[in-house]
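Colleague: Given chain A, work out where chain B should sit, using these hints.
Okay, here's what each chain looks like letter by letter:
There are 2 protein chains.
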Amino acid sequence: MTARLDAQFAFLNEADRLKSVLRATTLVDGSRPENSGEHSWHLALYALVLADQAEPGVDINRVVRMLLIHDLVEIDVGDVPIHSANGQAHASVETQAAEAKAADRIFGILPQDLRDILRALWEEFEAAETPDARFAKSLDRVQPVMANLMSGGGTWTTYNVTFDQLEARVGVKIAKGTPRLWDWVKAKARPWFG
Amino acid sequence: MTARLDAQFAFLNEADRLKSVLRATTLVDGSRPENSGEHSWHLALYALVLADQAEPGVDINRVVRMLLIHDLVEIDVGDVPIHSANGQAHASVETQAAEAKAADRIFGILPQDLRDILRALWEEFEAAETPDARFAKSLDRVQPVMANLMSGGGTWTTYNVTFDQLEARVGVKIAKGTPRLWDWVKAKARPWFG
Numbered sequence: 001m002t003a004r005l006d007a008q009f010a011f012l013n014e015a016d017r018l019k020s021v022l023r024a025t026t027l028v029d030g031s032r033p034e035n036s037g038e039h040s041w042h043l044a045l046y047a048l049v050l051a052d053q054a055e056p057g058v059d060i061n062r063v064v065r066m067l068l069i070h071d072l073v074e075i076d077v078g079d080v081p082i083h084s085a086n087g088q089a090h091a092s093v094e095t096q097a098a099e100a101k102a103a104d105r106i107f108g109i110l111p112q113d114l115r116d117i118l119r120a121l122w123e124e125f126e127a128a129e130t131p132d133a134r135f136a137k138s139l140d141r142v143q144p145v146m147a148n149l150m151s152g153g154g155t156w157t158t159y160n161v162t163f164d165q166l167e168a169r170v171g172v173k174i175a176k177g178t179p180r181l182w183d184w185v186k187a188k189a190r191p192w193f194g
Numbered sequence: 001m002t003a004r005l006d007a008q009f010a011f012l013n014e015a016d017r018l019k020s021v022l023r024a025t026t027l028v029d030g031s032r033p034e035n036s037g038e039h040s041w042h043l044a045l046y047a048l049v050l051a052d053q054a055e056p057g058v059d060i061n062r063v064v065r066m067l068l069i070h071d072l073v074e075i076d077v078g079d080v081p082i083h084s085a086n087g088q089a090h091a092s093v094e095t096q097a098a099e100a101k102a103a104d105r106i107f108g109i110l111p112q113d114l115r116d117i118l119r120a121l122w123e124e125f126e127a128a129e130t131p132d133a134r135f136a137k138s139l140d141r142v143q144p145v146m147a148n149l150m151s152g153g154g155t156w157t158t159y160n161v162t163f164d165q166l167e168a169r170v171g172v173k174i175a176k177g178t179p180r181l182w183d184w185v186k187a188k189a190r191p192w193f194g
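Here the protein sequences come in this chain order: A and B. For the first sequence, position 27 (counting from the first letter as 1) is numbered 27 according to my numbering, and the numbering increases by one without interruption. For the second sequence, position 86 (counting from the first letter as 1) is numbered 86 according to my numbering, and the numbering increases by one without interruption.
Certain hints may be false.
Subject to a maximum C-alpha distance of 20 Å in a straight line, what follows is the list of computed DMTMM-like cross-link-like pairs (lysine to aspartate or glutamate) [claimed, not checked]:
(1) Lys176(A) x Asp164(A)
(2) Lys186(A) x Asp6(B)
(3) Lys188(A) x Asp6(B)
(4) Lys188(A) x Glu14(B)
Simulated from the structure, these hints should not be mistaken for lab results.
One chain only, chain A, in its complex shape:
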């Protein structure tokens, strides 16, 4: 029992470092960059509040769990902004390999049963094939759009993003998980691009 709790808390203490991983996106008030810990909280809250936008059959509790752990690999790899490297950075073989290695190390701190469960959940999120993972991915794409809109441009300004690029890099993925939500977000975002 004690060895198990030691491993559980070693993981929880290590996870704390996600609060020091900075994203390209700022807070809604533009005051500072958002970190990946608070981003993960905000996304889980998105899932609770926007559950009625999910396709039939989506299990919101699983979506919340995915969102709580989806960025843990960034403790080793850092955040890869979606609009960086002309929108291609996250798809690179190097990034994928580094994230898999990070998952080995970080989930590997846990007792084996928990390691297997959370690792599988992270892989499901990354693959974005199940309805739960597609909805989780959609929310992960919607939240920075809102932060950019509220803060006056954000990463769209930083990376000179066009509306067509937003639609290709972000809109397509949002629509995959929750088509009606992209219609609403698009209507809000379109005017910003002039």
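Modeller: Just chain B now, kept in the frame of chain A:
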């Protein structure tokens, strides 16, 4: 549909402000104060990882939901450190009234169905009477103990806390939700107090 989504996103944008509410506790590495948004994420992760410490019948999905929303009232009221005002601050009538008013305003931004659900969940957490709420409260007390231990003292130093005070203010509440977990935490914390 559009009016509903407008209200849902108005709430999610307002919730972003929780990332700017600072707590007395620091990050595990002691580098800066923790904010209540990332704290809420960390607690939800605690619930996933420490689910096997909950009493039989506890619904971890409900615990996670409670923890995601439990601090939203701090957007208006701020964080009330557990060891401040000689350990009495949070029990004051003034604090309770201010938090209820904050809940009216913040949950009131939501469409009525979601407002009622999340408000009831927050009240259940605050009352700390159901098994789900007691477990959620326990985790909310455990996490700062770990942060203090990892960062070399933290709020125990700030507020000159004794081990007896820790046991009375924190230990009793942890043990109420998860007795075995307090035994483990106590064994880790005791030596710090000399």
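Colleague: Would you mind marking each hint as holding or not holding in the structure?
Modeller: Results of checking the hints against the structure:
With a CA separation close to 17 Å, the supplied pair Lys176(A) and Asp164(A) stays within the 20 Å bound. Our distance criterion of 20 Å between C-alpha atoms is met by Lys186(A) and Asp6(B), whose separation comes to about 13 Å. Distance check on the hinted pair: Lys188(A) and Asp6(B) sit about 10 Å apart at the alpha-carbon level, within 20 Å; holds. A hinted pair counts as satisfied when its Cα atoms are at most 20 Å apart, and Lys188(A) with Glu14(B) qualifies at roughly 17 Å.
Of the hints listed earlier, there is not a single one the structure fails to meet.
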